[in-house]
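The primary structure of each chain is shown beneath.
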Amino acid sequence: MTPLSIALNLALSFAGLAALCLAMDRHHRAIAGRGQTRACARMLRLAGWAALAASFAAAVVTSDWNFGPVQWIGSLTGAALLVVGLVSYRPAWIRPAALLALPLALAAALLA
Amino acid sequence: MRQGFRQSMAWLHTWAGLVTGWVMFAVFVTGTATYYRADLSLWMRPELRAGPSDAIPAAERGIAYLKAHAPKAMAWYVSAPQPDRPVIAVYWMDSLEAPLGQAMLDVESGAPTKARDTQGGDFFYRFHYELQMMPALGRWIVGAAAMILLIALISGIVTHRRIFADFFTFRRDRSAQRGWLDAHNVTGVLALPFHLMITYTGIVTLGVMYMPWGVTAAYKGDDLRFYVEAAQTTTWRPAAGRPGEAVPLAPLLARAQGEISEPLEMVIVNNPGDANATVVAVFEEPHGLAHQHPQIAFDAASGSVVERVEPLKPAARVFTSFMGLHEAHFASTALRALFFLCGLLGAATIATGLVLWTVARAPKTGEAPGFGLRLVRGLNIGTILGLPIGMAAFFLGNRLLPVDLAHRATWEGGVFFGAWALAAVVSLLRPHRRAWTELGLAAGLLFGAVPVVGALTTDRGLDFLAFDAAMLGLGLALALGARKVSHYEARRQAAKAARPGPARVPEGLVEA
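Protein chains in written order, with my numbering: chain A, 28 to 139; chain B, 40 to 551.
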């Protein structure tokens, strides 16, 4: 339950939720300014759920079955709040932020 | 069913939410503050400085004080100094009915500390589940409200069925009602697992108090045995009625410490001075979800072990894990911050729900608001802004009340309730939009004043940087919120003035 393991969790949850958000037509239009193909939406959804699953795995590996699930759910709330904030106030930032979260997650994973 | 299922649930959600909203808002806010109870206590006793300490000599000093000051008590409790509470806290029980006596002792000398008399973070902790009322009454009110809140949560998931489709949606640019609804849905759904967990585990924590009959029936009135079998405490050994000589304490505690790797947290002496006196060494919770303290009981006269608290059985483990999840003592700094955020989201869900009730019932242009609407509006402001005003005033009171004032801790509570009551009166008397702006600004200024007053009245310099930053952040958020309301109001009034229609006197003119 070190700060690094929570940072790893938050980064993966944020990237995953941002992808799930982008997979929704309404948000995709607001963020990208145009619609998306169904294949694109499916890819984003897949990537999003994969990142959330990776986040869960990271939580359990770094913090055990005792605290991992608690930490994972907490990170989902924190990350989702960030996604909602960005979508509402700075929609253009969400894609770069989600892409930036991945190397950050990698760095945290290597250090943790 | 005359109406559809969803309409019935919407009705239930609306009214269950409204009747419990004010109480539960206060419970959520003070509960969220309680995640930082130890930090609040440290801030509120600036005379104390954290330092290394040894538990066993500290326990001896505590027992020596109790021997001198409460020789006739039924039980003594000595709480070892903690990094976040650098005192020896001693308590004694004179009878089952009387409140516990208590004193705070200096770690080095064992004499009463010179720290100011305050409840510290315990004030919000007790408010969280007793509302600072008579304990039984307060617990029943909070419990009943929490049970209704659980109903409101579940019916709310049915009512706001679009929460998952609208998971990331917060539309600020549409109508006021849409914005509040989105805010209510987003704050509700993002932390939904937390809201359900914290409400349910909160009820479970005091479940035996709300439904004692199972325990009473199964244990035939011997409730204490239930707690012993649930591995929460050791058996109470009755007094022999004749005086006895106790063996020295330190070797007993050292033996207990040899068996258990957690630090010593508390020493309890039951029936001190009696031939049947019992010494119980209580250790801190092992790192885990379950809330259970390892305990070893000794016969004080012979020094032999009479009891060890058993490992948790499955049912007790589930119960203590619920308690552990609720209190989150296990949480490290980062996870604690997430719990804190979830708690704030819970308070925000309730607050936006309360406001939504009034927005959805706003009278049409030209109609006067009815009594019910005005009352709910007033109570909303009085609670949502009144409570933070009370809390900020409580912190200021801690720094500004004279240190040697008699019953100082009670006065601090008085400042809290006084400021809150004043804010509530203002919110009922002023036009409601003006009240939002004015009280929001007042709350922001009061929180902003806390670090300033703290720096001017103590010599602790930058010791409380995180606390000060949190106060400034809260103050800024409240002041910005107030500004937002007044700006929104200005735009609305301008739009209204431009629109032809039945003339209406605006509620308070707009500042330029």
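In case anyone wonders, no lab produced these hints; they're calculated from the structure. Everything numeric in this text was worked out from a predicted model, so none of it was measured. Every residue, glycine too, gets a C-beta built ideally from N, C-alpha and C. Careful: at least some of the hints might be erroneous.
[Said to hold, decoys possible] SDA-like cross-link-like pairs, simulated, lysine to any residue; straight-line CA separation at most 25 Å:
| # | chain 1 | residue 1 | chain 2 | residue 2 |
| --- | --- | --- | --- | --- |
| 1 | B | K352 | A | W92 |
| 2 | B | K352 | A | L133 |
| 3 | B | K523 | A | L108 |
| 4 | B | K111 | B | S341 |
| 5 | B | K259 | B | K352 |
| 6 | B | K403 | B | L135 |
| 7 | B | K111 | B | S134 |
| 8 | B | K523 | B | A215 |
| 9 | B | K352 | B | D261 |
| 10 | B | K106 | B | A257 |
| 11 | B | K352 | A | G95 |
| 12 | B | K111 | B | P282 |
| 13 | B | K352 | B | S341 |
| 14 | B | K523 | A | G95 |
| 15 | B | K523 | A | S115 |
| 16 | B | K523 | B | K352 |
| 17 | B | K106 | B | D78 |
| 18 | B | K523 | A | G112 |
| 19 | B | K523 | A | Y116 |
| 20 | B | K523 | A | L109 |
| 21 | B | K106 | B | R294 |
| 22 | B | K523 | A | W92 |
| 23 | B | K523 | B | G218 |
| 24 | B | K352 | A | P96 |
| 25 | B | K259 | B | L135 |
| 26 | B | K153 | B | P282 |
| 27 | B | K523 | B | L468 |
[Unchecked claim] FRET-style restraints, in silico, Cβ to Cβ:
| # | chain 1 | residue 1 | chain 2 | residue 2 | range |
| --- | --- | --- | --- | --- | --- |
| 28 | A | G112 | B | R522 | 46 to 52 Å |
| 29 | A | A134 | B | H446 | 22 to 28 Å |
| 30 | A | A134 | B | A293 | 32 to 38 Å |
Consistency of the hints with the structure:
1. B:K352 <-> A:W92: holds, 19 Å
2. B:K352 <-> A:L133: violated, 41 Å
3. B:K523 <-> A:L108: Holds, at roughly 20 Å.
4. B:K111 <-> B:S341: Distance of about 21 Å is within 25 Å: holds.
5. B:K259 <-> B:K352: holds, 21 Å
6. B:K403 <-> B:L135: violated, 59 Å
7. B:K111 <-> B:S134: Holds. B:K111 to B:S134 sits at ~10 Å (cutoff 25 Å).
8. B:K523 <-> B:A215: holds, 13 Å
9. B:K352 <-> B:D261: holds, 20 Å
10. B:K106 <-> B:A257: Given pair B:K106, B:A257 is violated - Cα atoms ~38 Å apart, limit 25 Å.
11. B:K352 <-> A:G95: holds, 23 Å
12. B:K111 <-> B:P282: holds, 11 Å
13. B:K352 <-> B:S341: violated, 30 Å
14. B:K523 <-> A:G95: violated, 39 Å
15. B:K523 <-> A:S115: holds, 16 Å
16. B:K523 <-> B:K352: violated, 54 Å
17. B:K106 <-> B:D78: The given pair, whose Cα atoms are some 31 Å apart, is violated under the 25 Å limit.
18. B:K523 <-> A:G112: holds, 17 Å
19. B:K523 <-> A:Y116: holds, 15 Å
20. B:K523 <-> A:L109: Roughly 21 Å between the alpha carbons, so the hint for B:K523 and A:L109 holds.
21. B:K106 <-> B:R294: Cα-Cα ~22 Å, so holds.
22. B:K523 <-> A:W92: violated, 44 Å
23. B:K523 <-> B:G218: holds, 13 Å
24. B:K352 <-> A:P96: Holds, because 22 Å separates the two Cα atoms, which is no more than 25 Å.
25. B:K259 <-> B:L135: Given pair B:K259, B:L135 holds - Cα atoms ~20 Å apart, limit 25 Å.
26. B:K153 <-> B:P282: violated, 35 Å
27. B:K523 <-> B:L468: Holds: B:K523 and B:L468 sit about 22 Å apart, inside 25 Å.
28. A:G112 <-> B:R522: 46 to 52 Å: violated, 19 Å
29. A:A134 <-> B:H446: 22 to 28 Å: violated, 55 Å
30. A:A134 <-> B:A293: 32 to 38 Å: violated, 46 Å
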